[in-house]
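Undergrad: Sequence:
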Amino acid sequence: MPAKVFLLLNVHMRMSHCSFTGESYFVTLSDNGPVVLGANVTFKAELFTPYGTPPSGTFRFRWRDNAIPAHFSESEGPETVAFWNVSYPAHTYAPGPYEVEVIVDKSAVFFWPVSSQRITFNITALLNGNMSVTQSGHLREDEFVSSTAEVSHHVDLADMDLAFLAQDATSVLTYWFVDCIYYGQTPGYAFNFNYTQPRKTHDVEALVVASFEPPVTTTSTSTTTSTTPTPPTVSPNSTAATAPSTKATTTIFPTTSTATSSIATTTPFKNIAYEINSNEINSVMQMFPVQNTSVMPVVAPAVNKSNGTLVNNTLFVPYVCLNSSIVPPDPNKTYGYFHRRITVKAPVENISVVGTNWLQHGDIWDLQVYWNGSAGFEYGFKILSGSYNVTGNETCAHFTPTVESQFAIKHYFREPSLYTVLIILKNDVSKVVTKVGINIYEVTKHAQLSVIVVPVSCSVIAVILIVFGVAYYVQSKSRQVPHLYIIEVADFDFGQANDMEYKTFRERLQESISNAVYRSDFPEPGGSWSPSRKYGQMN
Numbered sequence: 001m002p003a004k005v006f007l008l009l010n011v012h013m014r015m016s017h018c019s020f021t022g023e024s025y026f027v028t029l030s031d032n033g034p035v036v037l038g039a040n041v042t043f044k045a046e047l048f049t050p051y052g053t054p055p056s057g058t059f060r061f062r063w064r065d066n067a068i069p070a071h072f073s074e075s076e077g078p079e080t081v082a083f084w085n086v087s088y089p090a091h092t093y094a095p096g097p098y099e100v101e102v103i104v105d106k107s108a109v110f111f112w113p114v115s116s117q118r119i120t121f122n123i124t125a126l127l128n129g130n131m132s133v134t135q136s137g138h139l140r141e142d143e144f145v146s147s148t149a150e151v152s153h154h155v156d157l158a159d160m161d162l163a164f165l166a167q168d169a170t171s172v173l174t175y176w177f178v179d180c181i182y183y184g185q186t187p188g189y190a191f192n193f194n195y196t197q198p199r200k201t202h203d204v205e206a207l208v209v210a211s212f213e214p215p216v217t218t219t220s221t222s223t224t225t226s227t228t229p230t231p232p233t234v235s236p237n238s239t240a241a242t243a244p245s246t247k248a249t250t251t252i253f254p255t256t257s258t259a260t261s262s263i264a265t266t267t268p269f270k271n272i273a274y275e276i277n278s279n280e281i282n283s284v285m286q287m288f289p290v291q292n293t294s295v296m297p298v299v300a301p302a303v304n305k306s307n308g309t310l311v312n313n314t315l316f317v318p319y320v321c322l323n324s325s326i327v328p329p330d331p332n333k334t335y336g337y338f339h340r341r342i343t344v345k346a347p348v349e350n351i352s353v354v355g356t357n358w359l360q361h362g363d364i365w366d367l368q369v370y371w372n373g374s375a376g377f378e379y380g381f382k383i384l385s386g387s388y389n390v391t392g393n394e395t396c397a398h399f400t401p402t403v404e405s406q407f408a409i410k411h412y413f414r415e416p417s418l419y420t421v422l423i424i425l426k427n428d429v430s431k432v433v434t435k436v437g438i439n440i441y442e443v444t445k446h447a448q449l450s451v452i453v454v455p456v457s458c459s460v461i462a463v464i465l466i467v468f469g470v471a472y473y474v475q476s477k478s479r480q481v482p483h484l485y486i487i488e489v490a491d492f493d494f495g496q497a498n499d500m501e502y503k504t505f506r507e508r509l510q511e512s513i514s515n516a517v518y519r520s521d522f523p524e525p526g527g528s529w530s531p532s533r534k535y536g537q538m539n
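With full-length UniProt numbering applied, the sequence shown covers 1 to 539.
Straight-line alpha carbon distances no greater than 27 angstroms define the calculated DSSO-like cross-link-like pairs of lysine-lysine that follow:
id: 1; residue 1: Lys382; residue 2: Lys426
id: 2; residue 1: Lys431; residue 2: Lys382
id: 3; residue 1: Lys426; residue 2: Lys410
id: 4; residue 1: Lys410; residue 2: Lys431
id: 5; residue 1: Lys382; residue 2: Lys410
id: 6; residue 1: Lys426; residue 2: Lys200
id: 7; residue 1: Lys435; residue 2: Lys382
id: 8; residue 1: Lys435; residue 2: Lys410
id: 9; residue 1: Lys431; residue 2: Lys200
The set of hints was computed from the structure by calculation and includes no laboratory data. Remember, it's a predicted structure, so these values are computed and weren't measured experimentally.
Could you build all of it, start to finish, from the sequences and the hints given here?
TA: As structure tokens, then:
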């Protein structure tokens, strides 16, 4: 008998990762934790072959955890994917890490183990999730918010925790604190607030309190006040009647089926804002340290028990700073602590553009852009041909960071046309897109009068000078005979004046003109002088 037991154990160990036919498999295990105490945690197991494909056959998934008391479950069928839902109630289990194991068996005459897997998960005492911040319809993923728009804070619980509260909780209240100042409670998970001072940092904290006590049933009674007059008394011997008494008598009628009926109402889930009374709030808040003891407590608005309207009863809650390491002790309630740090910045606004919109072709366009807002700016611009309508969704492939609230644009336009320059400015909380229209025009060039007159005049003068120069040169050449020497002989007449031939003035004038016109300095071909050259007789 011991030998058979040893053989069975040995076979079980050897077959832990392979089937009876020698096939091997592996299983993956995942969960959706962490979850709060009382919520369901879901485990998912998937079986694969070594090639990553689902195998075929009949399989059995066996589940178990290491909790005390432990949970067990198994399922059988051809499916290669199995799920297991299990919860850990707060009155039975403590928060902390747990371990779950799944063993997969395959049917081959008998069920033989083919694979197994383990996973560790966490069960928490506080609700799981985070606080999200939304502004102007946009989710703020960083810590920065704008100082000009309302901020919506929302506690986003984990899916399993949210489903747990929606199914089992009778009331859920969220207490909101900004910089350790209590700003009231909301019956849901949302809180709106305005941060108006730029360059300020705020700590926003939320304490979610979920109650699982049954709804409160209220019974009302009616009180009737009536005035009963005293009947007149008539004396037997008197004919006058005594005036009736007008003293009022108050009678309280008990609630009966004939007079008034008892009204039993069950308060809906969304209106149960009165369940945590002032004593409960004070007991909860006393567990958290007060950071500023000199500040008076804030008055939180009370909620009517039936319709959620304000009543005279108020709840006094001190200023506190929440501490997530302190777990409230009430076992009948589930708590969640959420924190978010917010930095306020001024958006980009008051954009002004200094420059010209009409530019002559060939000039450099120079534009100066100014704006206001909190530092951490980035800017970019795009030049588009023609007109353009801004949508607000424009962006640039590259933004230039700057710490100053101004920058300059210089650009040369190659072609004369109409252009649109998109200027995109942004910081951590805003983005602004503005446009500037630029008209590049071409100037028609007209020649000046001086440009025409001066060259023409100079050209005419130059032509005249050239003509006169050529004429003078030709005339000079005509007067010169190469290698010819002219010898002039003077014939002086020293005779008496009366010996000279007498001529009148007219004759002398004609002779002078004739000599000037027909005179030639060149000798005749025969070697003698021209007859026109005449001299007087020499004695």
